[in-house]
Amino acid sequence: MNFPILSTLIFLPLISSFFILLTKEKSSNISSIYISLFSSVATFFLSLFLWYSLDVKSSAFQFVEEKSWINNFIKFKLGVDGISILFIVLTTLITPICIISCINSVKVRVKEFLIAILILETFMIGVFCSLDLVIFYLFFEAGLIPMFLIIGVWGGPRRVYSAFKFFLFTLLGSVLMLVAIIVIYWLTGTTDITQIYEIKIPKEYQNILWLAFLSSFAVKMPMWPVHTWLPDAHVEAPTAGSVILAAILLKMAGYGFLRFSIPMFPVASEYFTPLIYILSIIAIIYTSLVALMQEDMKKLIAYSSVAHMGYVTLGIFTLTKQGIEGSIYQMISHGLISAALFLCVGVVYDRLHSRMISTYGGLVNYIPKYSFLFLIFALAALGLPGTSGFLGEFLVLTGTFQKSYLAAMFATFGVVLGAAYMLWLTKRIIFGVTNNSEIKKLNDVNKSEITMLVTLAFLILFFGLYPLPLMETFNVSVNSLIDNYETALISN
Amino acid sequence: MINSLNIMLPEIFLSLSIFSILLIGVFKKKSFNLIFNLTSLIIIFTILIILTGSNNVERIFLDSFIRDSFSNYFKILILLSSLFVLNSSKNFIIDNKLDKFEYPIIILLSILGMFFMVSANDLILFYLGLELQSLSLYILASIDRDNLRSTESGIKYFVLSALSSGLLLYGCSLLYGFTGSTNFELIANQLYKENIGAVFAMVFILVGLAFKVSAVPFHMWTPDVYEGAPTSITSYFAVVPKVAGLALLIKFMFVPFSNILLEWQTIIIFISIASMILGAVAAMTQKNFKRLLAYSSIGHIGYALAGVATGAITGYQSAIVYISIYVIMNIGAFSCLYLLKKDGKYKENISDLSGISKKHPLLAISLLVILFSLAGVPPLGGFFAKFYVFVAVLEKQMYALAIIGLLTTVMSAFYYLKIIKTIYFDDSSITFESTKNRTAQASVFASCIILSTFFLYPSFLNNLVNKLFVG
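First to last, the sequence lines map onto chains A and B. The opening position of the first sequence corresponds to residue 1 in the numbering used here, with each subsequent residue numbered one higher. The opening position of the second sequence corresponds to residue 493 in the numbering used here, with each subsequent residue numbered one higher.
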């Protein structure tokens with residue numbers, strides 16, 4: 001097919017943001033919202049079409065586009081396979097939801113907000129499409145600018161601190177990756193990853209390059225001990241910002257491990273597995289304990305995200321089929337669940353302007369629909385069978401058991417802690433005693449909110465009960481990833 | 493002989509025009525506007541002359557003057573940036589009563605000096621060009637002669653610069669003494685590392701050049717002069733002499749000093765690292781926008797020098813690309829300053845920018861693009877500038893230089909973010925006059941468009957620069 005479908009996908013949001021810039025409305029922002037909603041839904045359907053027409057029986061990159069970009073040096077190369085397509089669809093799904101959520105939650109400078117979200121979408125899709133290290137870096141870093149503004153302009157009281165912390169942490173992590181990318185270029189003569197997969201980077205360089213990539217992905221993931229920016233950023237970001245951050249930006253790192261670290265540096269990946277195990281287990285247990293003690297709902301969910309990402313890194317570096325499939329599943333389902341939970345917090349925050357758990361209590365008596373949906377998401381977050389959260393964790397743990405009993409034991413302990421903090425949170429805000437008289441006057445979820453939440457709830461339950469569509473998509477790609485990894489190890 | 497004068501047609505045209513507009517200025521009262529417009533015309537004509545001329549390597553005057561694609565590229569860069577700097581600052585000049593007819597003429601004289609600098613193939617001609625440029629700059633720094641700080645900055649610049657010129661001249665005479673020639677190519681043949689005296693001379697010349705591009709540890713004048721001089725002059729200082737200085741530095745490394753690579757490389761690496769670190773650290777606490785840009789320019793020169801430090805042609809090319817993008821960014825940043833007018837006064841403190849995103853959204857977004865580009869965040873132009881430099885540096889496996897450079901990028905991102913924070917996150921305090929300063933707006937717009945669309949065709953500058961070192 002000659003039609004550049006991936007470029008269209010990437011640049012559609014960017015182009016529509018120009019149209020928003022051209023609208024001239026002073027008071028209402030109806031047409032900006034419609035333009036952005038229309039374009040993001042169009043992008044979503046385009047990505048669904050892409051998913052539909054992708055040949056999942058093949059592990060090769062498809063819809064490859066190649067254009068000379070910097071002379072004899074870097075090609076603008078895009079392509080998708082069974083792994084990246086799911087992240088693209090996740091991105092294009094979450095973006096319209098964010099745009100709907102901002103109808104209720106963003107009151108000032110709506111136009112600029114929508115532009116920032118759309119530009120961010122362009123960069124996020126770009127990250128998952130790029131087949132060239134430099135292009136990947138470009139999109140990976142460029143996403144910082146809109147996110148920095150989203151946190152800083154529309155955020156809460158400590159937004160400046162959080163925005164700076166977010167930006168500088170991520171930038172510091174990624175500059176080392178840039179050095180590594182350039183070094184790879186001089187070692188292999190290319191930055192095209194499909195060629196690098198074949199050329200094989202010399203063994204003596206692998207460890208140091210792997211660490212340079214880790215420095216970037218660990219911050220983005222975030223892994224313990226560089227996770228501290230995440231709770232701050234989540235707490236201060238507006239609802240839509242938190243949703244994008246949790247649902248998509250964190251997944252870039254997991255995707256990066258799968259796409260770059262493991263296939264390019266198989267020897268180093270093997271070598272550093274214990275390190276990742278230790279960091280992941282600390283993340284799972286320590287941040288779960290921290291989450292237990294949070295007073296702030298958003299902070300609690302943020303720490304739970306760190307714990308969930310711990311399962312992802314653990315699963316990826318078991319380097320077993322179950323482990324990696326579980327991690328991908330966990331990333332997709334966490335994308336849906338954390339997005340839903342942040343939206344739920346946003347719903348009550350828009351009404352009472354408080355994120356403190358102590359403000360709420362007994363919500364089930366006054367806003368039953370909201371409480372029902374919240375309960376679904378909370379149960380999904382703790383991994384109840386029948387929700388998508390269960391499958392991811394289960395597969396990761398299965399994979400871990402094959403490699404290390406000890407790691408698996410500790411990780412399983414995290415599941416219990418996860419149940420503890422989520423159930424306690426639910427108990428305190430949904431059930432319990434109502435102390436705050438304002439809660440009695442609360443309105444239940446309105447139409448736009450119910451649209452977003454029910455969509456997500458449906459997807460969470462659907463993929464919890466019927467995982468086949470996702471599994472089929474990435475199955476072949478994961479198999480070839482593991483095959484290549486194992487042959488690379490044997491040849492060394 | 494007469495035919496070969498064609499080679500220096502741009503210089504001849506420039507000198508004759510300078511004399512004729514000087515006459516107009518002397519005999520006609522209140523001729524600033526006329527001379528200003530004529531100056532712009534002269535600059536455009538000179539660009540056309542260079543563009544229509546040939547790019548072949550030609551030498552005249554006993555090989556002391558050389559015209560090649562290298563010098564032509566820099567001449568065009570100097571002319572274009574002067575054109576933008578001059579025109580964007582016109583309103584500022586008139587509002588601050590700096591509209592003396594000498595102003596554009598002295599700028600043209602300094603351009604003439606820079607022309608000889610970049611075309612020189614001989615120590616004497618090079619020194620003459622450098623002094624013509626420097627003398628013009630001393631006058632420009634103190635052109636607001638009734639302003640205490642402007643005169644102070646002029647004197648400061650003069651004293652320090654004269655010292656560095658002295659060192660440079662001493663280096664030149666040493667070099668002549670030990671190699672027996674003033675011609676760059678002949679020097680190159682005589683210069684080996686066993687020739688200790690000549691290596692010694694190289695250090696003096698490097699010191700003088702480092703002063704001209706304000707690299708650490710010879711940067712002391714920069715913040716004071718930038719802050720003290722009128723903004724229109726500062727923007728000229730920040731852009732044009734830096735280009736000429738870097739061109740000269742590269743030329744010295746490429747031609748006369750090419751045989752003693754290891755000796756000068758260590759010095760340049762030190763200067764480069766020191767400049768990057770100082771540029772990043774010292775700018776953090778600045779409250780004056782011009783002073784901040786002074787420190788940031790020190791840092792940027794550090795990155796360009798990192799390219800030079802590789803001692804390879806790819807490194808020189810990356811440094812040239814870097815300085816070209818730096819010029820675009822700085823013209824944009826200074827042009828923004830011309831738009832911050834309130835009650836007839838131009839504001840230059842960072843705190844004055846607070847919350848302008850609400851009342852001046854276009855200015856705010858332009859500053860956003862320029863500042864993120866200065867910080868080197870992709871996908872803006874500034875990122876590509878740094879990227880090419882680090883590609884060249886890592887090709888030579890200078891890992892420490894690359895890593896320090898990138899870490900200072902993160903540090904310097906902090907103060908650019910601080911300005912963006914002031915613009916976007918803080919509450920608004922000042923509403924600036926909606927000035928009809930079309931030329932400054934056009935400069936800001938042009939610079940933003942180039943920076944934000946650079947990623948569409950990032951090899952544009954490389955294609956030009958790749959041709960400079962052939963032959």
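Please keep in mind that the hints were generated in silico from the structure rather than gathered at the bench. Think of the CB as a built atom: it goes at the ideal place given N, C-alpha and C, for glycine as much as any other residue. Check each hint, because a few of them may be wrong.
To be verified - Every beta carbon over 10 Å from chain B, so not counted as near; a handful from chain A, in silico:
1) 52
2) 55
3) 69
4) 71
5) 112
6) 137
7) 142
8) 282
9) 294
10) 413
11) 462
12) 464
13) 480
14) 490
Claimed, not checked - Covered by chain B, according to a simulated footprint, are these stretches of chain A (three or more residues, beta-carbon under 8 Å):
15) 340 to 353
16) 425 to 436
Problem set entry | Contradicted hints - numbers only | 3, 4, 5, 6, 7, 15, 16
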